[in-house]
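J.: Throw the hints in and build the complete structure from the sequences for me.
Protein chains: 2
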Amino acid sequence: MDSAAKVLRAKGMMATRLSEIAEGAGMLAPSIYYHFKSKDVLVEKVMLEGIYRNTRYILAAVEGKNAGIDPVERLRTGIRAHVEFLLSDDDYSSAVARVFPELPEEMRGRVLAAYAAFENCWRDLIVAAHPKGGSIDAPVARKYLIAMLDSTPMWYRRGKLKPAQIAEQAADLFLGGYLAAG
Amino acid sequence: MDSAAKVLRAKGMMATRLSEIAEGAGMLAPSIYYHFKSKDVLVEKVMLEGIYRNTRYILAAVEGKNAGIDPVERLRTGIRAHVEFLLSDDDYSSAVARVFPELPEEMRGRVLAAYAAFENCWRDLIVAAHPKGGSIDAPVARKYLIAMLDSTPMWYRRGKLKPAQIAEQAADLFLGGYLAAG
DNA sequence: GTCTATAATCAGATAGAC
DNA sequence: GTCTATCTGATTATAGAC
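For the protein sequence lines, the chains are D and B, in the order given.
At position 147 of the first sequence (counting the first as 1) the number is 147 in my numbering, and the numbers step up by one without a gap.
At position 1 of the second sequence (counting the first as 1) the number is 1001 in my numbering, and the numbers step up by one without a gap.
Hints listed in this document are in silico derivations from the structure and should not be mistaken for laboratory results.
Note that beta-carbon positions come from the ideal geometry of N, C-alpha and C, so glycine has one too.
Any given hint might turn out to be false.
Restraint-style ranges between C-beta atoms, simulated for each label pair [unchecked claim]:
| id | chain 1 | residue 1 | chain 2 | residue 2 | range |
| --- | --- | --- | --- | --- | --- |
| 1 | D | 41 | B | 1065 | 53 to 59 Å |
| 2 | D | 71 | B | 1069 | 35 to 41 Å |
| 3 | D | 134 | B | 1069 | 27 to 33 Å |
T.: Okay, here's the thing in structure tokens:
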């Protein structure tokens, strides 16, 4: 699964070959079938694991000691955590960001319950921080926030800007707009 | 090409079958090869056409009579235009949003010159509107803006919110954050 | 548990008739 | 320009030895 997550993160679902996953795990493609019934099942398990990790990581950050109880600061903490996790060496988190949008209909359905927990986590943070008289729909804000953050691994390249700085700018950008619009 | 754009918009590149494109054009798969040398060439032409359309549409809106010369209003106009175009019945614009991120390395290279024009269009609008002492990097803002907007067709469903309202919220969200952060 | 075959499937691409 | 028929190649998946 670790190898699968690594390849999926880099290539997406359709372009990922079982042979490449196997290579990363030090075996040949047919051996995978001893562990998983099919490619779809393997991808699905990676998705579930990644969604759980993402959700847990955000919740842990938000509930952590430094988070406090101010809803805006909690949301900011969640955004920072998600971006930094996506840019970390954890392959599952960014595999989800990359693969989930291109999942076949039928598989997305099976993963949806887990994904709902992830989205609900954001929904709660966003609704709690909603400004009085704000004009932006919470669901629209959530979709745009997730799309923004999940895009980060696709274009970020190590350079003068560190992940923590990107995370901070993502938080500034979203929160500035979300809180200001009213 | 129209049929290809329609299928690509809905399924992405890897999941798009030549047979389905052919069906939409009222022919069978092999007939496509009379018009295009390969599937890749066809997809590439759709991408180029889509990128040009997107760029032209934004520029036309920004240079239009209602745009004025205030840089912030120009950027707002560009955002509104792009979102509404993505949600229109034009298949090329959203095909780009969907397919470009998953293009194979080698093809992305060939499309990159055209895509640069699209990104430069945003770069100019964003730089012109950059607030004094703003803390958000223009390139980061551009990547996040494009990711936000391009995600719209993936989750928007016709309902109580009309495309124009989504476009307005996208503009409020981005501009609020971009202008406020300083 | 992993391997070496080998099937089974499928989609992109070609040949040649019409 | 489009068709039918076919080829090619890649990839998922199975069978059975070790």
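J.: All hints are to be evaluated individually against the structure, with a verdict given for each.
T.: For each hint, the structure was consulted:
1. 41(D) with 1065(B): 53 to 59 Å: holds (57 Å)
2. 71(D) with 1069(B): 35 to 41 Å: holds (39 Å)
3. 134(D) with 1069(B): 27 to 33 Å: holds (30 Å)
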